[in-house]
Structure formats: structure tokens, C-alpha cells
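Whole structure, please, built from the sequences with the hints as guidance.
Number of protein chains: 2
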Amino acid sequence: MSKNNAFDNGIVILGAGNVATHLAIAFFKSNNKVRFVYNRSINSAKELALQINAEYSDDLKHVPSDADLYLISVKDDAIEGIANKLNIKHGIIVHTAGGISLDIFANTFENFGVFYPLQTFTKSRKIDLSEVPILIEANNEITKSKLFQLAFNITKSVFEIDSEKRKAIHLAAVFSCNFVNHMYFISSELMQNSNSTFDLLKPLIIETVNKAIEMQPENAQTGPALRNDKKVIENHIKMLSRYPEFENIYRFVSDSIYKSNSKREN
Amino acid sequence: MSKNNAFDNGIVILGAGNVATHLAIAFFKSNNKVRFVYNRSINSAKELALQINAEYSDDLKHVPSDADLYLISVKDDAIEGIANKLNIKHGIIVHTAGGISLDIFANTFENFGVFYPLQTFTKSRKIDLSEVPILIEANNEITKSKLFQLAFNITKSVFEIDSEKRKAIHLAAVFSCNFVNHMYFISSELMQNSNSTFDLLKPLIIETVNKAIEMQPENAQTGPALRNDKKVIENHIKMLSRYPEFENIYRFVSDSIYKSNSKREN
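Each protein sequence line maps, in turn, to chains A and B.
Each step along the first sequence adds one to the number in numbering that gives the first Met the number 0, with nothing skipped, and position 223 is 222.
Each step along the second sequence adds one to the number in numbering that gives the first Met the number 0, with nothing skipped, and position 237 is 236.
Among these hints, one or two may not hold up.
Said to hold, decoys possible - Quick look at which bits of chain A chain B covers, simulated, 3 or more residues with Cβ under 8 Å:
| # | region |
| --- | --- |
| 1 | 64-76 |
| 2 | 175-182 |
| 3 | 204-210 |
| 4 | 216-226 |
| 5 | 241-254 |
Just so you know, the hints here were simulated from the structure itself, not pulled from any lab data.
Small disclaimer: the values here were computed from a predicted structure and weren't measured.
Where a beta carbon is used, it is the ideal one built from N, C-alpha and C, also for glycine.
As C-alpha cells, then:
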């Protein structure tokens, strides 16, 4: 029995990737019934469905039409195609994409919204969702209220954010997550190639994050680019000549650090 | 009374910046006598010296010649100039720079080394040094042994690393620290410009770091660049048109994420 009356007729999850998997499991664990998992590859659908006692299929025709919520969590380009093939009686349809507008659903559906968790998910990695912000948007007040109720079942942090603002936040998240991870990736490559290990950088990495969060990033910067230490920078560029992509990143980021700091000082 | 016999005649600190300040205080707290602080600006010299009961000056002629250790922690380009003006009877001279060779001291001194803490320091911010790796290099075994002894007074993590390897580690550290902080800085700018706050990204930022450390960065990547989600990427580039530097960084980093992943998959 669901504790969330708005979704007694159950939730359909469309997709079985990283975000779909983590949200579906969080719904299941908070006693919201996930009835059905659709995925274009049946193996991933099955893998997720078995964890949450749901039915599953790789055929959109088998998706039930009387569920309360249809949550589409697939590659951005595929959202509209799946939505347009659904037969929905009265339920709400949402997607989970930071970069896609609410109005992708506007011409076809009565009740629709966005349910965007501001987090990075990898299927194999467990994660505590209780602090993760969920950004909600909806086309009417009742739908909004229901989506808030569901979101508060899985996290303490729920906000109403419109499409334009959500897209800006998504872009900022790409820098703070994907691009930060790529900086770690480059570090890891450089460490391995000098017979060292990424682990040696751990205290530096953790302090860098703590500084940025506690002091704000504009007050936390250090290093050769900030000091415009040209000899060191030229040496680094020479050391990167084997890695032309990394060399370009080094040049542009160093240049941007120096310019950002000069602007602040003037 | 020092617990570290090798340095009973005291330590001289040349410089009073971020690294000099944190190391001097750590020496003081571990009962190693810091006798003297030199800095070209007398105010910073005084500010540091008063915290550690040391004498201070902005004139290199006043630096005592019979100390056991001379630690130079200034901008890289200034190390050699200061070293060449010192009159040292028997003490060890070291610098703290990741990117500078040991042999900067080779023609002038008898006992010399490098004492490089792999960490980001900001004067105003307290930090626990006990987990911070200190990378040691020295021109002879006795000097090396003394520097190890001193380093183990302030941290559990001490390694002998030669100049070439240290330079590679320093370059990796620039990516994991300065460049990561700049990604946070850009995020913060984007969040502020959409009337949101950097704080909203905190759970994402923390999970990104934990993932990279626990799974290794090459297994932790997610997002539009990895998926080659062209529509989202094009949209992001449009949104960045007001910030040409950030747009360039976005292009180069996205491209590098996609290429790095393709290489792994092939």
C-alpha cells in the first residue's frame, strides 16, 4: 500500500539507465508502487524491474494506460519520441532532463512536468538521495503539488524551478561535475604516466572542494595561473606536448583563471 | 627545546606567503624552533613571526648564518635570487616548489633539498597537515634523512620523489586543484547570473569527488559530453555566448571527454 495517495495507481518508469534506476529504487523504497518498467533493451528493463517488483517490457504498446505517473528518463533526444507513443488516460507525464524544456509535452498532454534530480548517478553505485535537490516544474498547480509530494518522499530538498533557470543550473552542474571529473581524469593519466597514483592527490582534492564550498571558489584559488608564473606555465605546456587535447585545456583554463582574477582586482 | 635534534640551531623561513605561513606554524607547533622570518614586505614577515616567536626582517643581510635549515617559500622566479644572497655556514637549504628542480641549488650549496607539501594553502584558512603528503628530495643521504625526520614531525605521509616526477605530480595537482576550483568558479558565476546559488550544487559536488576517489575518474564520468548529446551541447554553447572564455573551455573539455571515452571503448 502506497503512503502517497496521489500515486495509488502506480508509476511507470520509461528508461532503465542511471537516473531511471536510482529514482525507481527510491520510489520503491519509499513505498510508492512502480508498476512497470519500459526500456528499449529488455535486459536492462528486466534487471531494474526485478529489483522493484515491477512488470517490464521493451514494447511501448504494453505500457499500461491507467498509471498515475509516467516518468521518462532516457537520452534527451529520445524523450519526445517515447512520449508521443504513449497512451495516457489521466496520469501525469514528466521527464528528468536538466536541459529540456517543460513545453516538450505541451501539445499532447493534459498534466505534465519535470522531475530533475541535481545529482550524478552511476547504476552500480549506491547513493543517499535524502540531500539531493529535486527541481520540479509543472503545467498546473495540482500536478505541481503531486510532484512535490512525491519528491518529498525521497529527499528533504525540493524546489520549483522554471525551464530557463533549470537549464542554467544544468549548465553550471556540467562544469561542477562532468568537467571537474575530467580534470581528475587528466590528473590520473598524468600520475599514472609518471608511475605515481591518483590516490596521492586525495588530500589535495578533498581540501580543494572544502575550500571552495566554505570560502566560495573566487576566494579559494591558488597556483601558477593565478600568480601568472610564466616559467612554470611554459614548462607545463612543454610537458603536455604529448597530449594536445590536455595542452589546449591547460592553456584556456590558465588564461581564464588569470583573467578572472585580474577582473576582480580591478 | 626541540624534539628534533637535527634542527636545534633553528629554522629560517624565507617568505611569508601561504605555504611559508602554514609550514612555519606546523614547525612551531611540533616544537621545531623557527628562529627567523625574512620577507620582502616587512608587514607579512612581522605577522608570521609574531605567531611563532621568531625574529624577522625585510633585509637578507640580517638572516643568521648558523641556522640548521633555510626554507625558501616564495614565488618560483624569486627562489634563486634569494638563495644566492644567503650566507649559510653549514645548514641545509630547501625550496617548497613543485615545479622547480633540485639542481637550482647545485652550484652554490653543500647540503640542499626540496620540501614540497602537496596541498593548496590559503593563509586565513586553518588546515590539518597530518595527512598531507610531503615530497622530499635531497643531494645526499644525511640531508635526506634530516628532511624526512622534520617532515614526519608534521605529517604521516612523506615520500622521496625526484625532480622529474615531482614536476609531473605538480602538473597533475594543477588540474586537480586550481583547474577544478576554476570549474567551480565558472559554475558559481552561472548560478549567480540565473539568481541561484552555488550552494545548491553542494550535494552534486561532494558526490562527484567521492565517486572519482572511490571508482577512479575514468569510471565515474556522466553527462552530455560523454553521451555526445549534441542538442544539449549546442544549447549550452549558445547559453555561454556572453562568456567567450567559458565557451572555449566548454568546447575543449567536452571534446576531450568524448574523445577520452571513445579511446577507452575502442
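Consistency of the hints with the structure:
Counting residues of the region 64-76 of chain A whose C-beta lies closer than 8 Å to any C-beta of chain B gives 3; at least three are required, and the coverage claim holds. Given as covered by chain B, the region 175-182 of chain A passes the check, having 8 residues with a CB less than 8 Å from a CB of that chain where 3 are the minimum. Restraint check on the region 204-210 of chain A versus chain B: 6 residues with Cβ-Cβ distances below 8 Å, three needed, restraint holds. Remark: the region 216-226 of chain A is confirmed as covered by chain B, as 11 of its residues place a Cβ nearer than 8 Å to a Cβ of that chain, reaching the required three.
Counting residues of the region 241-254 of chain A whose CB lies closer than 8 Å to any CB of chain B gives 8, which reaches the minimum of 3, so the coverage claim holds.
Violated hints for the displayed structure: none, as all numbered hints are satisfied.
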